[in-house]
Amino acid sequence: MNRISVTVDGVSCQDDVEPRLLLVHYLRDRLGKVGTVVGCDTSNCGSCTVLLDGQSVKSCTVLAVQADGGEVTTIEGLAPNGALHPVQKAFHENHGLQCGFCTPGMILASVDLLKDNPDPSDQEVREGIEGNLCRCTGYQNIVKAVRAAAAEMRSAEPQGVQQ
Amino acid sequence: MTVTEPAPTATAEVGRARLRKEDARLIVGRTTWTDNITLPGLLHLAVLRSPMAHARITGVDTSEARQRPGVVAVFTGRDLAGEQGSLPCAWPVTPDMVQPDHPALAVDEVHFSGEAVAVVVARDRYAATDALEAIDVEYEPLPVVLDMEEALAEGSPLVHAQAGTNRSFTWIFDSGEAGTGGSVDEALGEAEVVIRRRYVQQRLIPAFMEPRAVVCDPTGDQYRLWSATQVPHILRLMLALTTGTPEHQVRVIAPDVGGGFGGKLQVTPEEVITFLVAKRLGKPVKYNESRSESLLAAHHGRDQIQYLEVGARRDGTVTGFKVRLLADMGAYLGLVTPGVPILGAFMFPAIYKFPAYRFECTGVFTTKAWTDAYRGAGRPEATFAVERMMDELAAELGMDPLELRAKNWIGHEEFPFTTVAGLQYDSGNYEAATAKAKELFGYDELRREQQERRDSGDPVQLGIGVSTFTEMCGLAPSRVLGSLSYGAGGWENASIRMLPSGKVEVVTGTSPHGQGHETAWSQIVADQLGVPFEDVQVLHGDTSVSHKGLDTYGSRSLPVGGVAVVKAAEKVVRKARTIAAHLLEASEDDLEFSGGTFSVRGTPDAKTTIQEIALATFAAHNLPDGVEPSIDADATYDPENFSFPHGTHLCAVEVDTETGFTKIRKYVCVDDIGRVVNPLIVEGQVHGGLAQGIAQALYEEAIYDADGNLTTGTFVDYLLPSAADLPEFTTDRTETPAPGHPLGAKGVGEAGTIASTPAVVNAVVDALRQYGVDDVRMPMTPERVWRAIHERASDGGDRAAEGSIAYGGAPTQPATGGA
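Line order of the protein sequences matches chains X and R.
Residues 1 to 163 in the working numbering are what the first sequence lists, from first letter to last.
Residues 1001 to 1819 in the working numbering are what the second sequence lists, from first letter to last.
Don't read these hints as lab results, they were simulated from the structure.
Quick reminder that beta carbons are idealized off the backbone N, C-alpha and C, glycines included.
Hints may be right or wrong, so weigh each one.
Label-pair distances were calculated between CB atoms; the ranges are [said to hold, decoys possible]:
no.	chain 1	residue 1	chain 2	residue 2	range
1	R	D1108	X	G69	32 to 40 angstroms
2	R	E1138	X	G69	25 to 33 angstroms
3	R	E1534	X	T61	38 to 46 angstroms
4	X	Q66	R	D1707	32 to 40 angstroms
5	R	A1024	X	G54	52 to 60 angstroms
6	X	N81	R	S1544	57 to 65 angstroms
Mimicking DMTMM-like on lysine to aspartate or glutamate, the simulated pairs with C-alpha atoms at most 25 angstroms apart in a straight line are [claimed, not checked]:
no.	chain 1	residue 1	chain 2	residue 2
7	R	K1663	X	E152
8	X	K144	R	D1732
9	R	K1436	R	D1632
10	X	K115	R	D1725
11	R	K1666	X	E130
12	R	K1021	X	E127
13	X	K89	X	E76
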């Protein structure tokens, strides 16, 4: 067993974990963060995407011990206390989800994408979320949602930052 | 019309692009996927699966596994043989259908790679999985059966030796015999042109994003079983029948379910095993499959060889269509396995006036995962066949493919129209949908560009593909299902509960898993009862809450389940009217009901709302004599006919002749799905359907190697398209009233999938026809396309790709046309 210390959605957690424990199972089974789901075993689908120190990672391919000392943001902690992150809001407003299983991962991957590229084109969004699979939407409304969120986040930025 | 429609008003909910109610929990991760459910003392079950496609089990030693840390129990097929029964097949399509015994856990023999052989139950999922390696199974290999044509040949090894054959059934429809048309052999004999083709519908995997999961809690008076299923009601009944458990002691709950696409229309071995193990141990047990297990052992779809003959006159008028199918059942018959290709029987004639038609389908056993419903289920295969053949005929006659279709389709003035397959289409306007699609597409302009590229020898060639499809939706009229020997009806149930505070609970027998019924049904009820959209809660998916239903598949939820909701609402209003009349001291005949308010004609101040009546009924202090204190109601609706959405899909592809890479340049579809409840949801359904149909054309195939191992058992190998692989779609609608349907709704869940596959293949073949290519086998990988061009392969790159990564299964015969 290894002792790890991780901040998850703003709460600091200390736990003894087996070295082989996957981060996603730590989140789901130990912390009850079941908003993060497992869709495949091979890091292809991205359903388990979370932010680790601000970077999107597929938590089925990260060991819990690798998150030691880190800060994890799951879909449940993306926006505080009942508020919605602009990307969450945009997914709702643009019908960017159907069954919703890929949605948490898709949203977090999009958040990371918009951090790197605040104004992506359709094609850049499509390439940026290539690591996340959706079987329901055909992606069109996801692309629309990400671009809508990007526009909202840009307009919300204080003008001073740009200058 | 048997249902009164509310007069459209500015505030009407139906037709409005309401944002979905479901989203609120899904976008913040506050969901109840089956794998999220945890119970005190929950045990975890892991499945040991056969590495052999076909073998006799000569010994299973579980002693070491039982000693592994955390392990509570290990079970083999022999341990459960007395109680596991045989997994159900509800659709014996012919009286003499061969239906092999289908144990949930293999007992003596395994018949496909991935079949469950033993299970470990342990205190956590890691311990259970670890102990699998300690189970020692001895297999005596038996010959594999992978190719349908070879499987039917004399002397082929048998999948089920005791059956004495690899043929499950042969089902025939002949228009000459049925009296719905002429003799197809005569028609083909007299035809001026006969086109013969052999097409392969490759095997696909539904690949819903949420892997299947099941939790069974055996404590208490009922067995509670949560499952990632799209059919909780069917599962409850079948679980009871299969295991001999009294039905009233089984409660099935489908919580949030992450997609299904037909893939969760099943009674799975894993559900039965988890149920039996929980029952045996008296403890709650969970099974959650890995993606690899899902790809290996959840049912597959499609997988047909189609031998097709179309006869026509030189002027393009079609005279006959003869269809012979081999349909791969895989190793067993699942819930509706044999019925899937038979559904297609009615759809091969599609929108065309074939005067003669014959359909013959043989179900074939192979040592592969069994096939069953996958989005469209039989109808995509049929649509592919007829739409490909129309293009081949057009090419043969030198006609424009749309002109040829227009010459043969049912004119909008000819409805209702009884097809050569015996279906009565109530409505349609193929001309209108096609005209709109052509305009959006820029058909003539793209044809010009295509010619320019041909003339200039551009290495990137343009192809244009057409698909003018229809489908039968709204499964299904119970009498029709009965005539096809299906084991159940096709009705749907709904009930409406008026709560004292005026809020409304709608209970539906449909079981949404992404379709947005909570939103759409709320819109319907808000209009019917005149209550706010926000005041309606839709309940579903728990057999104790929604005790009666036939679940969600076959684009049936709105055309059948939605009507049940309307009829229940009408009953509520009827009951409320009696009480309103009493309270307002008026005659029922003098009451008007509009926007949720009953008012007395001519006395504007005398009015009461249906929500007030709910409270008055709850209090029951002042009700008319003999009237029960309830305005709740339920309704069960059995459709009289299928519904027939249709549409025109146009696809332009750019094919790089040097690399074989296909890029979709433009995709336009105009669908006629009748009256729309929520255009936002409809558009989403179309997008997703298109993605899956396009994926069949370009990307997906379940491939078995020569030993019967699935080589596409992960998402690394099974190519689900990403956002970067798909184009932006242009979608639009026409709306032809459907007099045959109370809501005028036709169903949309499968349309995109059914229509798009042939549109894409027709486009690629259109680009390549100049090189002598008349088929490219799906999925049209760059390798297959390149070989089709450069090796002048007349078989669509099928055999040409033998030995390559794109080659699936054992050799098949080159294209020789109908057999």
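Tested hints:
Range check, D1108 of chain R to G69 of chain X: about 54 angstroms between beta-carbon atoms, so the 32 to 40 angstroms window is missed. For the pair E1138 of chain R and G69 of chain X, the beta carbons lie near 49 angstroms from each other, so the given range of 25 to 33 angstroms is not met. Taking the beta carbon of each, E1534 of chain R and T61 of chain X are about 41 angstroms apart, inside 38 to 46 angstroms as hinted. Range check, Q66 of chain X to D1707 of chain R: Cβ separation about 38 angstroms, and the 32 to 40 angstroms hint holds.
Checked against the hint of 52 to 60 angstroms, the pair A1024 of chain R and G54 of chain X fails, with Cβ atoms roughly 26 angstroms apart. Evaluation of the 57 to 65 angstroms hint for N81 of chain X and S1544 of chain R yields a failure: the beta carbon distance comes to about 34 angstroms. Proximity of K1663 of chain R to E152 of chain X is assessed by CA-CA distance (about 32 angstroms); at most 25 angstroms being required, the pair is judged violated. Simply put, K144 of chain X and D1732 of chain R have alpha-carbon atoms about 17 angstroms apart, close enough for the 25 angstroms limit, and the pair holds.
Taken as a hint, the K1436 of chain R and D1632 of chain R pair is broken in the structure, with Cα atoms around 45 angstroms apart against an allowance of 25 angstroms. A hinted pair counts as satisfied when its Cα atoms are at most 25 angstroms apart, and K115 of chain X with D1725 of chain R qualifies at roughly 23 angstroms. Our distance criterion of 25 angstroms between C-alpha atoms is met by K1666 of chain R and E130 of chain X, whose separation comes to about 20 angstroms. Proposed proximity of K1021 of chain R and E127 of chain X is contradicted: the alpha carbons are some 29 angstroms apart, above 25 angstroms.
A threshold of 25 angstroms between alpha carbons decides the hint, and for K89 of chain X with E76 of chain X the separation of about 14 angstroms falls inside it, so the pair holds.
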